[in-house]
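> Sequence:
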Amino acid sequence: MIQLTYFKHRMKNIKSSYLLFGILSILILTIILIGCNTFNKGKQISTPQLSVGIQNSPSNALVIIADKKGFFDTTKVKVVVKEFTAGKLALQALLGQAGDLDVAVSAETPVALSSLGGNKIKVISQIVSAKDEARVVVRKDGNLDTPEKYFNKKRKLTTSLGGSPEWFTYNFIKKYNLDKNKLEVIAMLPENMPVALSGGAVDAISIFDPYARIGEKELGDKGLTFYDSDVTSYYVMSVKDATIKEKGVALEELIKGLLKAEEFIKTNPDEAKKIVADQTKLDIGIINETWSNYSFDVRLDKSFIELSKSEANWAIETGKYPQGTAIPNFNSVIDSTILKKIAPNSVNQ
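According to the numbering used here, the sequence shown holds residues 163 to 511 in order.
Take the hints with a grain of salt, since some may be wrong.
With a cut-off of at most 27 angstroms between alpha-carbon atoms, the simulated BS3-like pairs for lysine-lysine come out as follows [stated by the list, open to error]:
| # | residue 1 | residue 2 |
| --- | --- | --- |
| 1 | Lys502 | Lys471 |
| 2 | Lys482 | Lys342 |
| 3 | Lys418 | Lys240 |
| 4 | Lys302 | Lys316 |
| 5 | Lys311 | Lys336 |
| 6 | Lys337 | Lys293 |
| 7 | Lys230 | Lys422 |
| 8 | Lys443 | Lys240 |
| 9 | Lys311 | Lys282 |
| 10 | Lys282 | Lys435 |
| 11 | Lys407 | Lys284 |
| 12 | Lys244 | Lys282 |
| 13 | Lys407 | Lys240 |
| 14 | Lys316 | Lys337 |
| 15 | Lys443 | Lys464 |
Across the chosen pairs, the derived CB separations fall in these ranges [claimed, not checked]:
| # | residue 1 | residue 2 | range |
| --- | --- | --- | --- |
| 16 | Asn339 | Asp383 | 27 to 33 angstroms |
| 17 | Thr480 | Gly361 | 28 to 34 angstroms |
| 18 | Glu479 | Glu425 | 40 to 46 angstroms |
| 19 | Lys238 | Ala488 | 37 to 43 angstroms |
| 20 | Thr387 | Lys471 | 25 to 31 angstroms |
Bear in mind the hints are in silico, worked out from the structure with no lab data behind them. A virtual CB, placed ideally from N, CA and C, is assigned to each residue, including glycine.
Input sequences plus hints: build the corresponding full structure.
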């Protein structure tokens, strides 16, 4: 009887142990599942981020529209757009030690000069080409209605140094064979040029839109514009090698969003212009009047390479870099792997 009671008690303890073991197993499994789920959620939260520096102007319509219309896949990349008053300043931020930017959008001129200086950057895409975006706006002076006539006397002309406006000015002077001794070239921030022109501080400004158009509007019938349609600018996206290696997928998503914006501009031009006007705080009239100067096109072609070579030679010729400075192989500055993967027909090297 005592043995039977002991046996029953023993069995009861065994059952209790099994029950406790079962409960503990369930708890442990639950904790593991919760941990895995939390880990997976954490992975989703840590979406790769790309900081993209642009000049807040119509030339960057693709970036502006892709951002405002939500064309970037936010589950795969978080694009943070940072504004600069000039593309060359965005490029400087990209090259800075602080690591403020992953991608810089600028005209090709700062990229060519930076590469000539030994900086290691890669161009992964062009996003727009611009013709007649840069021009020379002057205060009228009687019947002096050609560049040769107008600049055949002492004039003060302002431009922005170290970028595409200076390159345009160089070509303008060369094309019209202007006397440099009669020309005082003054460096100035683009946003200050229209006021300097209308106020009489300078006779002429050599700058890109929207500042060229603002200068034209402020002068009205007291102004005159000179063009050099032989000069085309290309706005390009530059990155560091490390960004391509570490954030290649995110860069793919960036370009996919820009391709969507390119299509949107073609099918919804009026809405596209309004988005750009709202973002840049420019009058819609200025946007309409300058829109045709731009060809919004995500691509890579040889024109960038040939233009960069010319600009490198110009930089050496004008003393920005010493004589004998080695001109880089601009073919190696381009990295077309990402664009080829997404839109192979957009690459022509």
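> State for each hint whether it applies.
The hints, checked one at a time:
For a cut-off of 27 angstroms, the pair hint linking Lys502 to Lys471 stands: about 23 angstroms separates their Cα positions. A threshold of 27 angstroms between alpha carbons decides the hint, and for Lys482 with Lys342 the separation of about 17 angstroms falls inside it, so the pair holds. A hinted pair counts as satisfied when its Cα atoms are at most 27 angstroms apart, and Lys418 with Lys240 qualifies at roughly 13 angstroms. Restraint check: the Cα-Cα separation between Lys302 and Lys316 comes to about 14 angstroms, which is no more than 27 angstroms; the hinted pair holds.
For the hint linking Lys311 to Lys336, the alpha-carbon distance of about 15 angstroms falls within 27 angstroms, and the restraint holds. With a C-alpha separation of about 16 angstroms, the suggested pair Lys337 and Lys293 falls inside the 27 angstroms cut-off, and the hint holds. Under the criterion of a C-alpha separation no larger than 27 angstroms, the hint pairing Lys230 with Lys422 is consistent with the structure, at around 12 angstroms. Between Lys443 and Lys240 the CA atoms are separated by roughly 24 angstroms; this keeps the pair inside 27 angstroms, and the hint holds.
About 44 angstroms separates the Cα atoms of Lys311 and Lys282, which puts this hinted pair outside 27 angstroms; it is violated. Of the supplied pair hints, the one linking Lys282 and Lys435 is violated, its CA atoms being roughly 35 angstroms apart against a limit of 27 angstroms. Simply put, Lys407 and Lys284 have alpha-carbon atoms about 12 angstroms apart, close enough for the 27 angstroms limit, and the pair holds. Pair hint Lys244 plus Lys282 holds up; C-alpha atoms about 22 angstroms apart against a cutoff of 27 angstroms.
The straight-line distance between the Cα atoms of Lys407 and Lys240 is roughly 17 angstroms, inside the 27 angstroms bound, and the hint therefore holds. Among the hinted pairs, Lys316 with Lys337 is consistent with the structure: their alpha-carbon atoms are about 19 angstroms apart, no more than 27 angstroms. Using a Cα cut-off of 27 angstroms, the hinted pair Lys443 and Lys464 is violated, with the two alpha carbons roughly 34 angstroms apart. For the hinted restraint 27 to 33 angstroms between Asn339 and Asp383, the CB-CB distance of approximately 28 angstroms keeps it satisfied.
For the hinted restraint 28 to 34 angstroms between Thr480 and Gly361, the CB-CB distance of approximately 29 angstroms keeps it satisfied. Remark: the range hint 40 to 46 angstroms for Glu479 to Glu425 is upheld by a beta-carbon distance near 41 angstroms. For Lys238 and Ala488, the hinted distance range of 37 to 43 angstroms is satisfied, since their beta carbons lie about 40 angstroms from each other. The beta-carbon spacing between Thr387 and Lys471, approximately 29 angstroms, falls within the hinted interval of 25 to 31 angstroms.
The structure fails hints 9, 10, 15 (numbered hints given earlier, in ascending order).
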